[in-house]
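The chain contents come next:
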Amino acid sequence: MSFFGFGQSADLDIVLSDGETRKKAEHKTEDGKKDRYFLFFDGETVSGKVNVTLKNPGKRLEHYGIKIEFVGQIELYYDRGNHHEFVSLVKDLARPGELSNSQSFDFEFAHVEKPYESYTGQNVKLRYFLRATISRRLNDITKEMEIVVHTLCTYPELNSSIKMEVGIEDCLHIEFEYNKSKYHMKDVIVGKIYFLLVRIKIKHMEIDIIKRETTGTGPSVYHENDTIAKYEIMDGAPVRGESIPIRLFLAGYELTPTMRDVNKKFSVRYYLNLVLIDEEERRYFKQQEITLWRKGDIVRKSMSQQAAIASQRFEGSSTPSASAQAKDDSN
Amino acid sequence: MSEPTVADTRRLNSKPQDLTDAYGPPSNFLEIDVYDPQTIGVGRNRFTTYEVRMRTNLPIFKLKESCVRRRYSDFEWLKNELERDSKIVVPPLPGKALKRQLPFRGDEGIFEESFIEERRVGLEQFINRIAGHPLAQNERCLHMFLQEESTDRNYIPGKMLQQD
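Here the protein sequences come in this chain order: F and C. The working numbering applies: residue 4 is where the first sequence begins, and numbers increase by one. The working numbering applies: residue 14 is where the second sequence begins, and numbers increase by one.
Hints are supplied without guarantee of correctness; some may be wrong.
[Stated by the list, open to error] Per label pair, the in silico range of CB-to-CB distance:
| hint | chain 1 | residue 1 | chain 2 | residue 2 | range |
| --- | --- | --- | --- | --- | --- |
| 1 | C | I101 | F | S184 | 47 to 53 Å |
| 2 | C | P29 | F | K27 | 30 to 36 Å |
| 3 | F | K204 | C | T52 | 16 to 22 Å |
| 4 | F | E257 | C | D98 | 42 to 48 Å |
[Claimed, not checked] Just so you have them, the derived chain F footprint on chain C, three or more residues with Cβ under 8 Å:
| hint | segment |
| --- | --- |
| 5 | 29-36 |
| 6 | 64-77 |
| 7 | 111-122 |
| 8 | 144-156 |
| 9 | 159-167 |
Keep in mind that the hints were calculated from the coordinates and are not lab data. None of the values given here were measured: they were computed from a predicted structure. Glycine is no exception: its CB is placed at the ideal position from the N, C-alpha and C atoms.
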């Protein structure tokens with residue numbers, strides 16, 4: 004709010020020092036649209052400049068301090084007033100005083116911990132952002148810059164297959180098998196359904212991927228289920244001894260990594276739901292949880308770059324995520 | 014420098030299927046026909062019965078073939094028993110057609126040929142739908158309806174299989 008002709012105001016702008024080279028990633032906003040934001044990983048430094056541009060040249064800007072914050076917070080939609088900040092860093096850029104000209108302030112948040120992945124869901128949002136503030140007597144001037152964080156993993160050491168026999172006594176017995184219990188987001192689910200007993204008239208069979216977002220604790224736990232995918236794997240009536248293969252490519256679906264009990268506030272879990280439908284539209288199903296994780300992109304690095312990374316690792320000066328990517332690269 | 018890893022999408026190994034299983038009769042054979050409507054009695058005391066013939070190879074049914082005569086109120090009885098004793102959402106029966114039972118109609122009312130045919134189709138759909146339900150197959154009332162001479166309204170309701 005600025006009064007015409009009275010006082011001075013300013014525009015704030017945040018510019019990253021590696022804005023030209025840093026990758027951007029797509030992320031869904033609360034109203035479902037997709038936007039691109041700068042992508043960061045755990046341990047990376049966040050640095051740049053805050054540009055203060057005075058609106059009325061010649062007039063001075065009085066202020067009570069200029070600062071920049073790096074914030075990671077969880078917002079529960081049903082409790083908007085309370086933001087749970089799990090990362091909160093501040094850098095003071097200017098002490099209370101006056102600005103007579105437009106000015107730029109450098110900032111650096113070194114090796115910032117970003118323990119969780121950015122997430123925008125049905126009832127909860129986890130986000131990271133930079134916020135520059137010029138404190139003033141009546142009203143502050145602020146500018147926020149949203150960033151996106153991805154959490155990367157490498158291939159898990161233990162990844163057993165899921166194999167189980169289920170059914171309804173004397174009616175329907177099947178044995179289902181999925182080749183892994185942990186899948187990365189561009190992986191393929193390979194499995195099979197083996198029919199041991201079929202005394203009902205099955206019309207078709209499908210496999211669904213269900214995402215369950217859980218918010219809240221104790222008595223007020225709230226689950227939000229969303230069917231991400233429905234994939235028909237069999238059309239027609241099977242008989243005993245038949246094996247139906249499953250091959251489901253995950254890359255085509257909108258997925259996030261499995262997030263368990265993030266900051267004790269929410270979880271995002273994924274389930275495979277095997278559904279058999281009989282001729283009278285009755286549904287028989289078996290749900291099984293799977294773990295989804297994000298694999299780092301393999302970047303083809305030049306020989307000199309690889310040598311540089313290898314020597315860094317030797318000296319122990321690289322961040323954990325960079326060495327994980329380099330390890331992946333050399334596999 | 015390694016190539017990006019491509020996922021192994023080969024099928025999982027499975028046991029070869031026994032040929033008698035592959036080409037033999039399926040284990041889920043169940044067919045029920047509702048046919049041959051007969052109107053019995055005279056004047057106000059008339060009613061229509063239908064032949065209900067069942068053929069199956071499901072082990073839960075004692076008889077692999079059965080043939081009984083049932084009327085609309087027997088189907089109603091079955092529906093009520095199932096709604097009371099089981100957790101199933103029972104499919105709907107064709108309508109009661111109370112309007113057709115009022116006097117001073119121009120036609121035969123509920124004994125009109127087209128109406129009887131309409132009802133026969135509805136009853137056949139109903140009984141096939143419910144007889145294939147694994148939970149309904151466990152109810153004594155269904156077995157009595159399909160395979161016993163008459164439906165004993167004084168029977169003791171219960172389940173066919175032992176419950177854990």
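Quiz item: Tell me, which hint numbers fail for this structure?
Solution: The structure breaks hints 1, 2, 3, 7 and 9; every other hint is satisfied.
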